[in-house]
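**Student:** Chain by chain, the residues run as shown.
Protein chains: 2
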Amino acid sequence: MTPEENYHDWLRDAHAMEQQAESMLSKMAGRLEHYPELETRIKQHIDETKQQQVWLNELLDRHGIDNSSFKDVMGKASAFGQAVGGMFTSDEVVKGAISGYVFENFEIASYTSLIGAAEQVGDAEGVRILTQIREQEIAMAEWLYQHLPNVTQQFLLRSAEPGVEAKK
Amino acid sequence: MTPEENYHDWLRDAHAMEQQAESMLSKMAGRLEHYPELETRIKQHIDETKQQQVWLNELLDRHGIDNSSFKDVMGKASAFGQAVGGMFTSDEVVKGAISGYVFENFEIASYTSLIGAAEQVGDAEGVRILTQIREQEIAMAEWLYQHLPNVTQQFLLRSAEPGVEAKK
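Protein chains in written order, with this note's numbering: chain A, 1 to 168; chain B, 1 to 168.
Worth double-checking, as some hints may not be accurate.
For identical chains, the list gives no copy identity; a pair is met inside one copy or between any two copies.
Below, in silico cross-link-like pairs of lysine to aspartate or glutamate (DMTMM-like), each with a Cα-Cα straight-line distance of 20 Å or less [what the hints assert, rightly or not]: (1) Lys-95 - Glu-5; (2) Lys-168 - Glu-58; (3) Lys-95 - Asp-13.
Calculated directly from the structure, the hints in this document are not laboratory data.
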């Protein structure tokens, strides 16, 4: 395969990954009840994720990559992404926050690899857009990392009180 | 559940997570043929992972947590960890490096949460050991992050050459 062919395949995967991200983040935000700060930050990132899908669509269009092939590639990207995303089904807030952090880092690594590919095929506009998206993923990952000790401690306090819902 | 009970459960999970890390890293290092720098770094981290298991065992002993219960907890930790770890079965070096980075970040998030729990239950020695382990995970994640563009570009070059094995 040529570098361009690999790059185009990975761009399709990135778009599928963002569709999956939106679905998982929405489920997680919908389940949360007692962690409003976490819920607000996740909802903000859902908006960012939708914007990222638009940027990726524009990038795919510029390379003449057919949108109808998304369906085929979803299976492939899903098998990989669902391995991480499956963890979102937990209703336990600590595992959810950890899973969110892990998924963000899956995205960060994917974009880092994609940026390397974009450089190699000489797609300067791709480098710019992919770097811009990666910055939003890094910001989300850092927010979760900073708030994870507090979410954990809130969970432990709620979990110790009889009759208080701690998990979501 | 009391904070201590949750903390002890999560310490068991961390030990199971490191057993899984050792297994996955060993499989990945065993498959690599044409990426010697990556292979060397993974092997170094396998040694660190074994040392981490010893540190975690000492911590579990100090809290009187029975080692025989590992077997029961493995299922629970595995279901969560395998979701990430399953990605290691790919023989494609780029996906492997991404998966490695993702798994390291799963460990970083787990220890960050655990350190928050250790602080809450007043286990200063736990905070010290868990922070020490987390530093090794951060170093491994950063190495993979820094080397991911180069691994990707090597893969693209090899992939474009007829008759050259690129994937492992």
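**Student:** Run every hint past the structure and note whether it holds.
**Tutor:** Structure-based check of each hint:
In this homomeric assembly, Lys-95 and Glu-5 come within 20 Å of each other (Cα to Cα) only across copies, at 16 Å, whereas the closest approach inside a single copy is 37 Å. Proximity of Lys-168 and Glu-58 under a CA criterion of 20 Å is satisfied in neither setting, with 37 Å inside one chain copy and 33 Å between copies. For the homomeric pair Lys-95 and Asp-13, the shortest alpha-carbon distance between copies (12 Å) is at most 20 Å, but the shortest distance inside one copy (26 Å) is not.
In terms of the numbered hints stated before, the structure departs from hint 2 and from no other.
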